[in-house]
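*Asks:* Hey, can you piece these two chains together into the complex? The hints should help.
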Amino acid sequence: MTATTNAPPTSERSHGGRAAPPGKRRGLGDLKVAMIFLAPATLGFVVFYIWPTLRGAYLSFTEYSLLQPPKFNGLANYDRMIHDSFFWNALGVTVEYVVINIGLQTVLAVGIAMLMYRLTKSITVRAIILAPYLVANVVVALVWYWMLDVQVGVVNTFLSWFGIDPIAFFGDSHWAIPTVAGINVWRHMGYTALLVFAGLQTIPSYVYEAAEVDGSTEWKTFWRITLPLLRPVLVMVLVVTMIGSFQIFDTVAVTTQGGPINATRVIYYYIYERAFTRFDFGYASAMALVLFAILAVVSLVQLRLLRARESDLA
Amino acid sequence: MSATSTSVRQVSVGRTVAWVLLFILLIVTLFPFYWMLRTAFSDNTQLPGHPHSLLPVETTLGAFKRVLGLSSIEEAQAQGGSGAAVNFWLYLRNSLVVATITTVCQVFFSAMAAYAFARLRWPGRDKVFALFLAALMVPPIFTTLPNFVLIKNLGLLNSFAGIILPGAFMTPFAIFFLRQFFLGINRELEEAAMIDGAGHRRIFFGLIIPMSGAPIATLAILTYINSWNDYFWPLLVGQQENVRVLTVALGVFRSQTPQGGPDWAGLMAATLIAALPMIILFLAFAKRITNSIGFSGIK
Chain A
1 MTATTNAPPT
11 SERSHGGRAA
21 PPGKRRGLGD
31 LKVAMIFLAP
41 ATLGFVVFYI
51 WPTLRGAYLS
61 FTEYSLLQPP
71 KFNGLANYDR
81 MIHDSFFWNA
91 LGVTVEYVVI
101 NIGLQTVLAV
111 GIAMLMYRLT
121 KSITVRAIIL
131 APYLVANVVV
141 ALVWYWMLDV
151 QVGVVNTFLS
161 WFGIDPIAFF
171 GDSHWAIPTV
181 AGINVWRHMG
191 YTALLVFAGL
201 QTIPSYVYEA
211 AEVDGSTEWK
221 TFWRITLPLL
231 RPVLVMVLVV
241 TMIGSFQIFD
251 TVAVTTQGGP
261 INATRVIYYY
271 IYERAFTRFD
281 FGYASAMALV
291 LFAILAVVSL
301 VQLRLLRARE
311 SDLA
Chain B
1 MSATSTSVRQ
11 VSVGRTVAWV
21 LLFILLIVTL
31 FPFYWMLRTA
41 FSDNTQLPGH
51 PHSLLPVETT
61 LGAFKRVLGL
71 SSIEEAQAQG
81 GSGAAVNFWL
91 YLRNSLVVAT
101 ITTVCQVFFS
111 AMAAYAFARL
121 RWPGRDKVFA
131 LFLAALMVPP
141 IFTTLPNFVL
151 IKNLGLLNSF
161 AGIILPGAFM
171 TPFAIFFLRQ
181 FFLGINRELE
191 EAAMIDGAGH
201 RRIFFGLIIP
211 MSGAPIATLA
221 ILTYINSWND
231 YFWPLLVGQQ
241 ENVRVLTVAL
251 GVFRSQTPQG
261 GPDWAGLMAA
271 TLIAALPMII
281 LFLAFAKRIT
291 NSIGFSGIK
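For the record, the sequence lines run as chains A and B.
Numbering-wise, our numbering puts 282 at position 282 of the first sequence, and it's gapless, one number per residue.
Numbering-wise, our numbering puts 262 at position 262 of the second sequence, and it's gapless, one number per residue.
The following block holds chain B by itself, in its conformation from the complex (with noise of 0.2 Å):
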């Protein structure tokens, strides 16, 4: 990429003005990140007198104690809390459960699909791959709407499978984007391995899916990704307690500050324990995740 400029350019006016842009960009960027860390380790109640305090006023651990559960409602009170019983705990254990039992079981029955679109051959292949694609035209919404009628008959409002379900076992990018490997891979491995007498079975379990482990851990993660930060199915179909996933909690939580004095330490405590796992996950996997971004977004 860099074949225009691999020649030692001169620090000129117009290279240093640039790099003082992107600087500026990054903090732009991060800025957010920081202050949220900021704000959930102050006092909320000696948050409005120091505004732009670069340092958390009065260091504390109250709002994460307010979010977790961990004082009583009085205490809570006292800190500019609302006094509602909040326990993020749960919803964390909630988020883990949807976002794992959707990625798992979507990226491994797009896998198998992928399978069947990439390396068999039977009639009408092409059509039903373009079908699949086709679906990604439909926008969410629309199909949203019955299928919230759907899990609403068969009962299951509320409950972890009807949040779960329809991501289960399939998207069709997951397909679209595993088959692209797929497809890739020699056939001549392949076939000497049906000659020592392996079923479609073995070369997927056994050749296909071991020879797949980048791909199929970048779409992992993206899922895990995508389903963890979910907010709209979730919202309609998880409200109570027992299923609520982080998102839907924290639009909760911000409904149940206070008017006058929100308990703005207590929200960024939340909104922290609800984005760390996915920046943990980002700073574990960064590059990984850089480098799929060209290729999802260039079809």
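In isolation and in its complexed conformation, chain A is listed as follows (with noise of 0.2 Å):
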């Protein structure tokens, strides 16, 4: 795994260059030349990639405050972990955070992208839809933030033409986590809907001549040929943005830092309170790995997905 520090040593390069296997002109020749156009990365690497997540991995195991050296506690923070209901309150308004983000996102993008994909091909159209994915978290839940106010909030004057009494969109355990999804939705539904694009894009003329030949209807046409074409492209789509949605953070640390009572303490947000303002870090480190296990889970079900989708378009 580790092929860069196993490099022989130069003596061996001739010689290996001289045994190296028919079709490899130059055996080991480029080693000397790539370990030094790889350096820098690898540094990168080593330092702020691996050895991190080997430390986490072992932070997880002790009692840290930043303050003592590390304690092994073996699995206490575990153990610790299954009896705090901070935690499972944590995990809970995550799943449901990723569940209204994805689910709502998820239909926008494909609607986006359908309307752009037979309406128009104008870069200014995309270029609009994906404008606010470009402006940083924290903007974005200022703006809203500031929209969404109970009381001089533009949305609530809005709603208030339709006689709707003015909703507490942060302020109201119930209103918070579909309040903070949806936020975000604005802000990466663009995003997907270019991905969808270019997935639509893929899906080869004749298909859909076929299908007009046949007298298919336009809503007949997208249930039964478009979106079954599409869902390679889709499952990549939702794991992608469900592991990002997993992370949600800035949004909550700007508007509601986890409150009202608990009702938007994301993982993420728990997380960090753990580890910067208790400096419970072994704990914390426990808990971040616990996400990183349940994202993996994630991925390997999509890559079983993906397997299952590859005949689709044969």
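Honestly, the hints are just simulated from the structure, not real lab data.
All residues carry an ideal CB built from backbone N, CA and C; glycine is no exception.
Check the hints yourself; a few may be wrong.
[Said to hold, decoys possible] Just a sample of chain A residues kept apart from chain B, beta carbon distances all over 10 Å, derived:
hint: 1; residue: K71
hint: 2; residue: Y78
hint: 3; residue: H83
hint: 4; residue: W88
hint: 5; residue: N89
hint: 6; residue: L119
hint: 7; residue: T157
hint: 8; residue: H174
hint: 9; residue: P228
hint: 10; residue: G258
hint: 11; residue: G259
hint: 12; residue: E273
[Said to hold, decoys possible] Pair ranges (Cβ atoms, derived):
hint: 13; chain 1: B; residue 1: I27; chain 2: A; residue 2: G171; range: 19 to 29 Å
hint: 14; chain 1: B; residue 1: L26; chain 2: A; residue 2: F222; range: 39 to 49 Å
hint: 15; chain 1: A; residue 1: S85; chain 2: B; residue 2: G155; range: 31 to 41 Å
hint: 16; chain 1: A; residue 1: K71; chain 2: B; residue 2: I280; range: 22 to 32 Å
hint: 17; chain 1: A; residue 1: G92; chain 2: B; residue 2: L30; range: 28 to 38 Å
hint: 18; chain 1: A; residue 1: R224; chain 2: B; residue 2: T16; range: 47 to 57 Å
hint: 19; chain 1: B; residue 1: L30; chain 2: A; residue 2: G259; range: 44 to 54 Å
hint: 20; chain 1: A; residue 1: H174; chain 2: B; residue 2: M137; range: 33 to 43 Å
hint: 21; chain 1: A; residue 1: F222; chain 2: B; residue 2: M137; range: 47 to 57 Å
hint: 22; chain 1: B; residue 1: G155; chain 2: A; residue 2: I164; range: 48 to 58 Å
*Replies:* Right, here's the structure in full:
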């Protein structure tokens, strides 16, 4: 696995080059050059990816307050996690967020992609759709925090025209998570739509022509042809966005900070609080490892689904 | 793509409805940007009286002056500000420093690595590449905690180095992205250069990099935007004023605004300042960025 560190001494180089199997013209010849070109990236990779991954796994089995060296405590953190109602609450809230966020976002994104695909190739339209994605989460959160304000927010003013009483979007524990989810749908739906749009363009036109000849209606064509052929792309999009949305943090940190009454204390925010406001680093690492495991499972399920779809467009 | 709809369709009810839907979507997408603009130019004390005025309320530059530290504390408080000293010029500079250094280093080092993975032959290459890619799976929070410990132990908390270092050398995605393009470059050119006596350094700088201007620019823009918008890491390691970046400053500014009558105009002026460079970048490179989305998603 760690081939970069297995570099043979240079004396072996010419020897290995001669002994290289046929087809490999230069054998080990490029290894030295490759090591030079890879040096900075490998340094960053080992120091800021590999080492922290191993260290994080180790820290999850320790008690560590940042002030004293970590103290190994076996499975204590995991045992504590099982009995920590805040942890389960955080997990539940996160899942609620992910479900609302992904559900809404996927449906809207497919809708937007279809609209663009059937109506316009305009790069301007695509750019406008993408615009929210390029603005920082923090900026998006603040703008919506203002627009959704219970007293003077423009959304509540708008609702009042329809006789709807003001809604405390961030202050009401039932509304808080759907609100945060909705804000991120606004930010990400254009990006997701463009991914779907790219997928739509890979569907060969003869499929549609055949459907048209058969007299299929637009609606039928969508359900029976477009959507099934889009499945590989959709699976990919779903997993990428799902992994992202499990890691919701910025919006919560800027708007509700976990409130009201834990209603938006998502797992990422809970880990952050444990680590950086209570300096409970070992416990926070253990929770991060569990989150890691959850995301790994999600990814594996994706691979399975993708493989099952390989023959869709024969 | 439009092969199915090349035949000029009649103006049908369905098509009209679709256009209306698309139009509504565009409005929903753009409205918050407009509202940010409209509020930023409003007089904060007058805002509550005109919650749905489409134009700025009592148009003024007061909010911007407040946020950029151009008005006195008394003036700021009279306009509904917190009176706490804020200076977004400084945070703007910090964001520029962080995003620029991160982007230049990350793209350059990633390009070097991508070259080694795409154009050089050495044993174990594909395994090492797979290992780099596998790192994409590790969720940021998991590496962030130990990285924080590392940066703290190195004494780099509240320094630009501390904010920049973890992202400066590479990201698996950047290497993957550039490798794809490097793989597509014709080998004959390279061999011709080699016959002329060019070494790998000259091939890399004189051939591969100039030929990959477009993908490198695209990656640089995406990296710049990501780095500029990042919140979590700078929040952890860059709290102090002298290295505080815009996103972190916005969070601080938001928690400073008085609870009774928040300084909405000031807050929106601040968000506008934070978002404006990215909006400009986007307007300049909209086509390039939009076209890259399909690629970056479908691996």
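*Asks:* Going back to the hint list, which numbers does this structure go against?
*Replies:* 6, 7, 14, 16, 18, 19, 21
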